[in-house]
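Just so you know, the protein sequences line up as chains A and B, in that order.
Per this note's numbering, the very first residue in the first sequence carries number 57; after that it's consecutive.
Per this note's numbering, the very first residue in the second sequence carries number 64; after that it's consecutive.
By construction, these hints were calculated from the structure, which means they are not laboratory data.
Treat the hints with care, since some could be wrong.
Said to hold, decoys possible - Pairwise CB distance ranges (calculated):
#1 B:Asp134 to A:Gly72: 22 to 30 Å
#2 A:Ala73 to B:Arg172: 43 to 51 Å
#3 A:Met139 to B:Glu138: 33 to 41 Å
#4 A:Thr161 to B:Ile75: 24 to 32 Å
#5 A:His66 to B:Arg172: 41 to 49 Å
#6 B:Gln117 to A:Ser82: 33 to 41 Å
As the list claims (entries may be wrong) - A few chain B positions that, by computed beta-carbon distances, are all more than 12 Å from chain A:
#7 Ala65
#8 Val67
#9 Arg79
#10 Asn140
Don't be surprised by glycine CBs; every beta carbon is placed ideally from N, CA and C.
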Amino acid sequence: AQSVTQLGSHVSVSEGALVLLRCNYSSSVPPYLFWYVQYPNQGLQLLLKYTSAATLVKGINGFEAEFKKSETSFHLTKPSAHMSDAAEYFCAVRALYSNQFYFGTGTSLTVIP
Amino acid sequence: AAGVIQSPRHLIKEKRETATLKCYPIPRHDTVYWYQQGPGQDPQFLISFYEKMQSDKGSIPDRFSAQQFSDYHSELNMSSLELGDSALYFCASSLPGINYGYTFGSGTRLTVV
């Protein structure tokens, strides 16, 4: 079965500080992994995805994530937080032969001025 | 660029009423997915369609049904509404192929009173 675990339901960082949102997956084989961002009252927007190509994936808005098979992790990072990054972030996994996504419980990012 | 269109944006229904949510995927996207997101929760997969046929089924109650039409738009029909059905309902679409991320619509917020 596929699943993802997001450590920390709330993360606060100062503006300009490093953003690190953690995601660990559970899968018997490396799956496809995604990070989505959700702004208040809006839909989910794809930030980046890992599909078995490069392990370091760059996404939109300066975010990137690194797939580490040995740690079964896909943590999301951004070198310098911006006020506009405040949102809910969801890690998601999709099995190799499935249409279904499984979302983590989400991490709410607060950026402090 | 065209996005996934959902209608209505907001819907208020009374208990035991019925509701129909509509989703118009991005042109050329032939796969549609429905998700339910309760307050403060992660999105839960309901059902998906590929080429107008149901392709996968998640935690969709028997009171709900859905279909995809010849123009690829999809409708989620919800009957005998319960207070617990109050949630944000997302539709997403994708291209054929399992290494694509979904593109989500902005969602329909259903409130059952």
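_Confirm or reject: Asn140 of chain B is not an interface residue toward chain A, with every Cβ-Cβ distance exceeding 12 Å._
The claim holds: Asn140 of chain B sits with its nearest Cβ about 21 Å from chain A, beyond 12 Å.
*Taking the beta carbons of His66 of chain A and Arg172 of chain B, is their distance inside 41 to 49 Å?*
violated, 23 Å
*Okay, Ala73 of chain A versus Arg172 of chain B on CB: inside 43 to 51 Å?*
About 33 Å separates the Cβ atoms of Ala73 of chain A and Arg172 of chain B, which means 43 to 51 Å is violated.
*If you check the beta carbons of Gln117 of chain B and Ser82 of chain A, does the distance land in 33 to 41 Å?*
violated, 27 Å
*Holds or violated: is the Cβ of Arg79 of chain B farther than 12 Å from all Cβ atoms of chain A?*
Consistent with the label, Arg79 of chain B stays out of reach of chain A, its closest Cβ about 27 Å off (over 12 Å).
*Far enough from chain A: is every CB of that chain over 12 Å from the CB of Val67 of chain B?*
Non-interface label fails for Val67 of chain B: nearest chain A Cβ at 8 Å, not farther than 12 Å.
_Can you tell me whether the CB distance of Met139 of chain A to Glu138 of chain B sits inside 33 to 41 Å?_
holds, 39 Å
*Between Thr161 of chain A and Ile75 of chain B, is the Cβ distance one that fits in 24 to 32 Å?*
Holds - the Cβ-Cβ distance for Thr161 of chain A and Ile75 of chain B, about 27 Å, lies within 24 to 32 Å.
*Between Asp134 of chain B and Gly72 of chain A, is the Cβ distance one that fits in 22 to 30 Å?*
This hint is violated: roughly 48 Å between Cβ atoms.
*Evaluate the condition: distance from the CB of Ala65 of chain B to the nearest CB of chain A exceeds 12 Å.*
For Ala65 of chain B, whose nearest Cβ neighbour in chain A is about 14 Å away, the distance exceeds 12 Å, so it holds.
Violated hints for the displayed structure, listed by number in ascending order: 1, 2, 5, 6, 8.
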